[in-house]
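Asker: Here are the chains, one letter per residue:
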Amino acid sequence: MKKIINHPSRPERPTMWRSMEEFQNTPEFEETLQREFPAGAAVYDESGLSKRDFLKLMGASMALAGVGLTGCRRPPSFLVPLTQGVEWTVPGKFLYYATAMPTRLGAIPLIATTSDGRPTKVEGNPLHPYSNGGTDVFAQASVLDLYDPNRLKAIKREGASTDAASFDTLIGEIRQRGEGLAVLADSANSPSRDRLRMELKVAFPGMIWAEYEPLATGESTAAVVAAFGDGTSVRPNFEAADVILALDSDFLDSTEAGPSFTKAFYQRRKPEQEGRGMNRLYVVENHYTSTGGLADHRLRVRACDIGAFLAAVSVQVASLTGNSALSSAASAFPAGTTTFDEVWITECAKDLASASGRALVLVGREQPAPVQALGYALNGALGSLGTTLLGYNTGAAPKVATIEDLAAALSSNSVQTLIILGGNPVYNAPANLKFAELLAAMPTSIHLSLYEDETSKMCKWAVPAAHYLETWGDTRTLDGTHTSIQPMILPLWNGVSQLDILSQLLGRPRSEGPEIVRETFQQRVGSTGTALDLAWNEYVRTGFLAESAFPAAALSLNTGAITAGIAAYQPSPADGAEVVFLKSSSVDDGRYANNSWLQETPDFVTKLTWDNAALVSPADAAELGIKDGDMVEIVAGDTRLECAALIAPGHADKSVSISLGYGRKDVSALMQNVGFDAYPLRTVATPRFRKGVSVKATRGPKYKLARPQEHQSMEGRDLFREGTLDRFKKNPTFALNMGMDAHLPPEISIYNNPLFQPEQMAKEQWAMTVDLNVCNGCNACLVACQAENNVPVVGKDQVIRGRDMAWIRIDRYFASPESSLENPEMVAQMITCQHCENAPCETVCPVNATVHSEDGLNLMAYNRCIGTRYCANNCPWKVRRFNYFDYNQRPIDKLYFGPLAPKGMADSLKMSKNPNVTVRMRGVMEKCTFCIQRIEEAKIARTVKAGASDKSKVPVAPFKTACQQACPSEAIVFGDENNPDRLVSKLRKDPRGFTMLKYVNARPRITYLARIKNPNPAMPGADLVGNINTPDHHGESHGEAPHGAIDPHGSPAPAAHH
Amino acid sequence: MANFFPKWINWLPLKLTICIAVIVTTLVAGIWYYFTPKYTRVGYEPDQPVPFSHVIHVEQLGMDCRYCHSFVEVASHSNVPTTATCIGCHGEGKIKYDSPKLTAVVESWKTGRPVQWARIHQVPDYAYFNHAVHVNRGVSCYSCHGDVSAMPVVYQHEPQSMAWCLECHRAPENHLRPPEEIYNMKWKPVAGETQREIGMKFKQEWDVNPPVTCGGCHR
Amino acid sequence: MAESTATIDPAKHAETGSTVVRPPLVLNERTMGWISNYISSIVEARTPTWWYLAMGVTVPLMLMCFTMLAYLISTGVGVWGNNHPVGWAWDITNFVFWIGIGHAGTLISAILFLTRQKWRTSINRAAEAMTLFAVVCAGIYPALHVGRVWMVWFLAPVPNANAIWPNFRSPLLWDVFAVSTYFTVSILFWYTGLIPDLATLRDRCTSKIKKFFYGIFALGWRGGNRQWRHYEMAYLLLAGLSTPLVLSVHSVVSFDFATSVVPGWHTTIFPPYFVAGAIFGGFAMVLTLMIPAAAIWPSLKDLITPSHVDKMCKIILLTGSIVGYAYLMELFIAWYGGNPYEQAAFWNRAFGPSGWNYWVMMTCNVIAPQFFWFKWCRHNWWAVWILVQFPNVGMWFERFVIIATTLERDFLPSSWQQFHPSIVDILTFIGTFGLFMTLFLLFIRFLPMICMFEVKAVLPEADPHYGEKH
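Quick note, the sequences are listed as chains A, B and C, same order. Residue numbers for the first sequence follow my numbering, so the first one is 1 and each next one is one higher. Residue numbers for the second sequence follow my numbering, so the first one is 10001 and each next one is one higher. Residue numbers for the third sequence follow my numbering, so the first one is 20001 and each next one is one higher.
Same shape as in the complex, but just chain A (with noise of 0.2 Å):
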């Protein structure tokens, strides 16, 4: 039966077009693509992309996902094909780019995954020198800022849009004027800016050229500076570090240095390596660090007080090591009030000094310049220059003015132009620099950025600046290597970067492709022609110039200067109370203030989301009688500031921590009313810490705090195992029987799980190991899989109610024998779907939404799911998440709204979405996965590969999970535990391996491997290190131990009480 449906007519509208402007056909935008697209625009040489050619490929995804168009029977929807074929892309299939992504100190070297035209998701580049393939939170988080709709879209002058070409007449006037120009720009260690800007000297010799990072602070380069004298840098050398001190150095957070700053450090972490043992870690800081969590020996310590403490410590250690140069330098420190534990500090720099050589002092990079010096010369005396603290030569860079100057030559007036490339001073600029006065009498003032932000409003001029994935640009890794940065997408919203101002200044062309970068690139390998292309094709193509590091350099310690600095030194005798402005976790500076993946994901250390708030230390909060949530007022000279209290377990007393880059107003609906904002308290002269400042509870009303995780308690139950090296040498599989595990009766089941039979089993299984002993809870692998899997934002209110949906949480507990919460261990443990052989949740679901697969995953059909929830509930380790509403269809402020509210997401973010994964809606259950978008890709290209043979038997070819492949520690293995030749196959059956809540008798797939920790016995309380759970059981002795872990199913258990 055969039926003639007639198709409704085709609307007349474009089938290639960026943003409604253009869908709608407005004639003002017709007028931009006229301006911006000439006719046969430039071509991009690498990969022969056209900027028509995205547009379409744009184009025909936005026809396939069926915009607004309605039939009778079902949505008639197009098939759009490009009018011409794209190199490399087959509609459908992933392209892989070698890109970068700028930080503070250098950058994170990417492989970008697009889909047709479309990044979708970030990955490390392996190929890269300084990368081990990890990335961090802000790396993963970065594709959604590309897309963010929030963005800045077109060129404003005064708040009002204009065109391109007046600007480009401004731009003529400042060349014209020529003098009292200044320029402030963030960091961005890119050569092409160096270079251009040194034209620019040229060009305009008054020019001012400052640079700002509120959270990089000229301390770190002026210690450097006075101790090894300029153009050197240091960097540790954890591969050859036995013992580490770390004083107020979050050196693990992993944001700012690039994740292959620390891998040297986890290798040398692994209790069971060869050769050197496992290193020591003593971290002394006033506010819970990833790192302190880590720590062997930890000691809360007020942030002011750390100079005090580093020069007792090098005092011993000057003692021990009869390093006279040492000691004057500690000895010349001046002498604080406070006292600390002496036997700590002996202890300690006993166990320095005796590793000689081996041992290693870091000093936060934002500790006044003579304490980090103090830290140099303490490292001198250990013998660590050239060994644990290794020296680059990286050339005389230029000076730049600091911001300070910078302010001085306006008020001075002598600048009538200001370009501020990128940041946002008028927010961030240190409070008494009163910076945003000064902008606003600037007669000419140009702010380039990717949000209309505090500063864009100031300013007379706001240009929209290009996302990293949208532009040519090229940067310098933390080790110096000269990496390429290549758009992946036509700027979305005509956004242009820092290097097209710039070369505009100069008077250039504006160019659409790599011609500046290109230049740079020729300067500095200095070859033509043929040799050229082919080095550039390289360089673009595997996303970094070889051999482009720094130089190694010798260290030799000035310890004249780092002595006079110290006697020079003067910290604030003011007393009272101190506050200490920390990196915020989820945004940065602020910069992330408006990603919302960010703003949801919980600080790994307070699990705070879409908020910040002042830390306070237990006995500070009893004294000032307040509980979490409760406000309280923060008074530093003539500036208040009143904001949520938190309780921080290990936290130091008398000493407020707050996370800065909060309590944005009027800049997008997103961050409104969204934390405090702390930078008004903070100076110039007080970058770190500001003393003497007053804390009140204000009996203000309580404070509404999201934390997706509000008991911090393990309640003694052993789902986190640690335990000393010294145990673990005793007994390898200790953390087998522990708690519960040890009284287990042995399996005896009467039932015969089909699922199980050897016939049923497919060749591969699944499986997932997580090295407590390295996860420190970055965060990396929880936004990774949020970019991944498509996983929603639900907004403050729903994780108030608890109803976030992320699908790993990293679970984070407050534990210590003595169940202290004055200085507690704390530990972090990522928690996803354990897809258990006997899941649980399985057994329960009345129609078969949720079943096993014979390769062993937990399967969740969406679509198959009516919503009964009875899996969750059922669900020991309670991963899965259910869609309460429709979070991708409705805003989330409106959610209550019901059919009411606007449906449908922004344009923008559809494009965001993975095209591999499905996008959930309300009503239905959710949770890990296991990516199995990318088991059954792997899957299909072995068969593809097959093809009409049997080959479809070889193992599938290694690939990782999303969480995987960001986790910057190389904590999550994920493989086919069937293949001995995997590496998971192996950690399953590690010794130190254990499965949660054995008893259920669910069978997880994934295995954790118990953290060991390496007191020093001398310390103080060494014995109640590692042992949160219960200390050596008696148990040991009887569980059948060894037998659990051989065991690829985890050893096998009864529910206790069947």
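Keep in mind the hints are simulated off the structure, nothing from the lab. Just so you know, not all the hints are guaranteed correct.
[Claimed, not checked] Dumping the calculated DSSO-like pairs for lysine-lysine here, alpha-carbon to alpha-carbon at most 27 Å:
1) A:Lys913 <-> A:Lys894
2) B:Lys10015 <-> C:Lys20375
3) B:Lys10186 <-> B:Lys10038
4) B:Lys10201 <-> A:Lys763
5) A:Lys665 <-> A:Lys702
6) B:Lys10007 <-> C:Lys20211
7) B:Lys10203 <-> A:Lys951
8) A:Lys350 <-> A:Lys270
9) A:Lys953 <-> B:Lys10201
10) A:Lys704 <-> A:Lys434
11) B:Lys10201 <-> A:Lys951
12) A:Lys960 <-> A:Lys93
13) A:Lys953 <-> B:Lys10203
14) A:Lys945 <-> B:Lys10203
15) A:Lys263 <-> A:Lys796
16) A:Lys763 <-> A:Lys986
17) A:Lys913 <-> A:Lys796
18) C:Lys20301 <-> C:Lys20314
19) A:Lys729 <-> A:Lys350
20) A:Lys989 <-> A:Lys270
21) A:Lys93 <-> A:Lys953
22) A:Lys989 <-> A:Lys730
23) B:Lys10015 <-> C:Lys20301
24) A:Lys910 <-> A:Lys153
25) C:Lys20301 <-> C:Lys20208
26) B:Lys10007 <-> C:Lys20210
27) A:Lys153 <-> A:Lys913
28) B:Lys10007 <-> C:Lys20208
29) C:Lys20314 <-> B:Lys10015
30) A:Lys763 <-> B:Lys10203
31) A:Lys460 <-> A:Lys434
32) A:Lys796 <-> A:Lys910
33) A:Lys763 <-> A:Lys960
34) A:Lys665 <-> A:Lys796
35) B:Lys10096 <-> A:Lys945
36) A:Lys951 <-> A:Lys93
37) A:Lys583 <-> A:Lys434
38) A:Lys627 <-> A:Lys704
What you are looking at is a predicted structure, and each value in this text was computed from that prediction instead of being measured.
For chain A, the structure is supplied; the task is to place chains B and C on it using the hints.
Answerer: Using the frame of chain A, we list chains B and C on its own:
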């Protein structure tokens, strides 16, 4: 006792039973027939912007499917040809460039705006079908699209419901054919051999075991 | 209740000369005629004003319930307070609560019938009606608590284009079958019981329309000998059929929890304990409705006598004590089992952040019924009515404690989270009472609320040897 019921009431129960019986049967039958993809999809034949005839191109000119659907062997999607592909033969001064039937193509070539083909075979967003893995493993276009070479205007030939997919995934031998015959719409097993025998042979030789759990298609 | 089983054959006692003095089931020597007249008159009389007033309250509440459900379906389950550890809260609590209430009906009509408890006759009609209406209210929740209501047909084992069947291992599916069977059988049982009385009404009433409709539903009942014989056999069979249901329904409901692995749910004690609880709550609700009825139509006190109430109070006392025993046994096993997770779960119930619910439950279900040890409490109807309110409240809290507070804190402390009901939760629940009461008011208005022919059968005159000389 008073007779308070009219006479016709005596037949009421019978009438009611019959009515209900009739209604229920029609309802069940109706849903059974009309609410399935077999009815709602098969035969869907929208008019296309270009009256492209597979009969002319494949049957008469003997072109191979892969000339236009060039990525079918490597990608999950079987791509619709670009305008350039059409223009390759129908370009200016070539075959039927000026024919009114080709207006849409020529238009697209001039303006750079793609041709909007009406989509016929539409697997739901939550089902991930992969062409490459099928055509490389002995499943012909014919099995899912019917004899397109005989279609002046393309229409949907198979219901393409989940049950329909599973039929083949549970018994692939009913559709496997020699690799060289994948794109031959007219292929029939040679006399003396049955499809089942051939299929069984390939199934063993190539170790064909298609997924039947949700994860095979739903991600 | 030995005394009433002794009433099976009075003649026997006459021979042995031992006469057991037992309270008559109908007081004031009421005659058969009086019973017919009186019960029918309630239906035939003009609609009293209080009835309109009552409807004026209950109907808006019912409509509110429907509005809330519409909002729920159109917007999402998020309008309720459920969150991530607590996937089930008020929704399933209310479901089990109503199902429990719907228990007394079948118990009275089936089990007491088979065990020849004559005193059941004057209360079974209303109890069965109550059962049906309670099950209607209960049915709302499992049907609408799901995320995608429009897909619930997946639960039905029908052939479909996806070639998937429901999961027969899931207790939730057993629920669907158990509850629907229970509802069907109860409605059949109730209707069968109504037929003779409908015929009586048909023959009595004057207006043609009434005659017509009562006539239709009386299915041409004439009261002939053969009809009675068949009728009683049919009724007996139905009673036999539905007896297992009394036990099965709530057992199956309890499997939703018992078959899970959640500490606090995973216990074998659940089925008997749930059934006892259901009968407990059911009888409480019967009394809650019958005592006011008897107050409105004073002469009903001749049919619903103190001895009826007394017996029901005793049942409440018994089942209440069984429930109390179950509570304590749970605690004992949790301690004795030595499983820290179990122990934590029960500790949390009693002393956790939501612990107060537990103590409300304990007070209402275990302590309150103990007053029925005292005769005075069983015979002062004011006292009775007040006391039976405690089980009504307590049984709701029992379900809430079992479901919500258990889910609040299970295995991983990291996922522990409090549950807070939303306004929609509350209004929906109140609304279901509106629905329930509306249906019940309609029932007492248009149908005989007491089974006339059965009550007549327990009159002394009904005894074949009535009036014989000894």
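Asker: None of the hints should be skipped; say for each whether it holds.
Answerer: Checked hints:
1. Our distance criterion of 27 Å between C-alpha atoms is met by A:Lys913 and A:Lys894, whose separation comes to about 22 Å.
2. In summary, the hint linking B:Lys10015 to C:Lys20375 is not supported, as the alpha carbons are separated by about 58 Å, beyond the 27 Å threshold.
3. Distance restraint check for B:Lys10186 and B:Lys10038: the Cα-Cα separation of roughly 23 Å lies within the 27 Å cut-off, and the hinted pair is therefore satisfied.
4. Between B:Lys10201 and A:Lys763, the direct Cα distance comes to roughly 22 Å. Compliance with the 27 Å bound is thereby established for this hinted pair.
5. Using a Cα cut-off of 27 Å, the hinted pair A:Lys665 and A:Lys702 holds, with the two alpha carbons roughly 21 Å apart.
6. Between B:Lys10007 and C:Lys20211 the CA atoms are separated by roughly 15 Å; this keeps the pair inside 27 Å, and the hint holds.
7. For a cut-off of 27 Å, the pair hint linking B:Lys10203 to A:Lys951 stands: about 13 Å separates their Cα positions.
8. The straight-line distance between the Cα atoms of A:Lys350 and A:Lys270 is roughly 24 Å, inside the 27 Å bound, and the hint therefore holds.
9. Proposed proximity of A:Lys953 and B:Lys10201 is supported: the alpha carbons are some 17 Å apart, at most 27 Å.
10. Restraint check for A:Lys704 and A:Lys434: not satisfied, since their Cα atoms lie roughly 32 Å apart, outside the 27 Å limit.
11. At most 27 Å may separate the alpha-carbon atoms for a hinted pair to count; B:Lys10201 and A:Lys951 meet this at roughly 16 Å.
12. Of the supplied pair hints, the one linking A:Lys960 and A:Lys93 holds, its CA atoms being roughly 18 Å apart against a limit of 27 Å.
13. Proximity of A:Lys953 to B:Lys10203 is assessed by CA-CA distance (about 13 Å); at most 27 Å being required, the pair is judged to hold.
14. Proximity of A:Lys945 to B:Lys10203 is assessed by CA-CA distance (about 16 Å); at most 27 Å being required, the pair is judged to hold.
15. Simply put, A:Lys263 and A:Lys796 have alpha-carbon atoms about 35 Å apart, too far for the 27 Å limit, and the pair is violated.
16. This hinted pair checks out: A:Lys763 and A:Lys986 have alpha carbons roughly 17 Å apart, not beyond 27 Å.
17. For a cut-off of 27 Å, the pair hint linking A:Lys913 to A:Lys796 stands: about 22 Å separates their Cα positions.
18. Between C:Lys20301 and C:Lys20314, the direct Cα distance comes to roughly 19 Å. Compliance with the 27 Å bound is thereby established for this hinted pair.
19. About 24 Å separates the Cα atoms of A:Lys729 and A:Lys350, which keeps this hinted pair within 27 Å; it holds.
20. Distance restraint check for A:Lys989 and A:Lys270: the Cα-Cα separation of roughly 16 Å lies within the 27 Å cut-off, and the hinted pair is therefore satisfied.
21. About 24 Å separates the Cα atoms of A:Lys93 and A:Lys953, which keeps this hinted pair within 27 Å; it holds.
22. In summary, the hint linking A:Lys989 to A:Lys730 is supported, as the alpha carbons are separated by about 18 Å, within the 27 Å threshold.
23. Pair hint B:Lys10015 plus C:Lys20301 does not hold up; C-alpha atoms about 45 Å apart against a cutoff of 27 Å.
24. In summary, the hint linking A:Lys910 to A:Lys153 is supported, as the alpha carbons are separated by about 18 Å, within the 27 Å threshold.
25. Pair hint C:Lys20301 plus C:Lys20208 does not hold up; C-alpha atoms about 32 Å apart against a cutoff of 27 Å.
26. Between B:Lys10007 and C:Lys20210, the direct Cα distance comes to roughly 18 Å. Compliance with the 27 Å bound is thereby established for this hinted pair.
27. A hinted pair counts as satisfied when its Cα atoms are at most 27 Å apart, and A:Lys153 with A:Lys913 qualifies at roughly 21 Å.
28. Of the supplied pair hints, the one linking B:Lys10007 and C:Lys20208 holds, its CA atoms being roughly 15 Å apart against a limit of 27 Å.
29. Restraint check for C:Lys20314 and B:Lys10015: the C-alpha separation of about 50 Å exceeds 27 Å, so the hint is violated.
30. As the CA atoms of A:Lys763 and B:Lys10203 are separated by approximately 17 Å, the hinted pair is consistent with the 27 Å bound.
31. Note on A:Lys460 and A:Lys434: the hinted pairing holds, with a Cα-Cα distance of about 18 Å set against a maximum of 27 Å.
32. This hinted pair checks out: A:Lys796 and A:Lys910 have alpha carbons roughly 22 Å apart, not beyond 27 Å.
33. Between A:Lys763 and A:Lys960 the CA atoms are separated by roughly 18 Å; this keeps the pair inside 27 Å, and the hint holds.
34. The straight-line distance between the Cα atoms of A:Lys665 and A:Lys796 is roughly 16 Å, inside the 27 Å bound, and the hint therefore holds.
35. Restraint check for B:Lys10096 and A:Lys945: not satisfied, since their Cα atoms lie roughly 40 Å apart, outside the 27 Å limit.
36. For the proposed pair A:Lys951 and A:Lys93, the alpha carbon gap of about 23 Å is at most 27 Å, so the pair holds.
37. Of the pairs offered as hints, the one joining A:Lys583 and A:Lys434 holds, with about 22 Å between alpha carbons and a cut-off of 27 Å not exceeded.
38. In summary, the hint linking A:Lys627 to A:Lys704 is supported, as the alpha carbons are separated by about 12 Å, within the 27 Å threshold.
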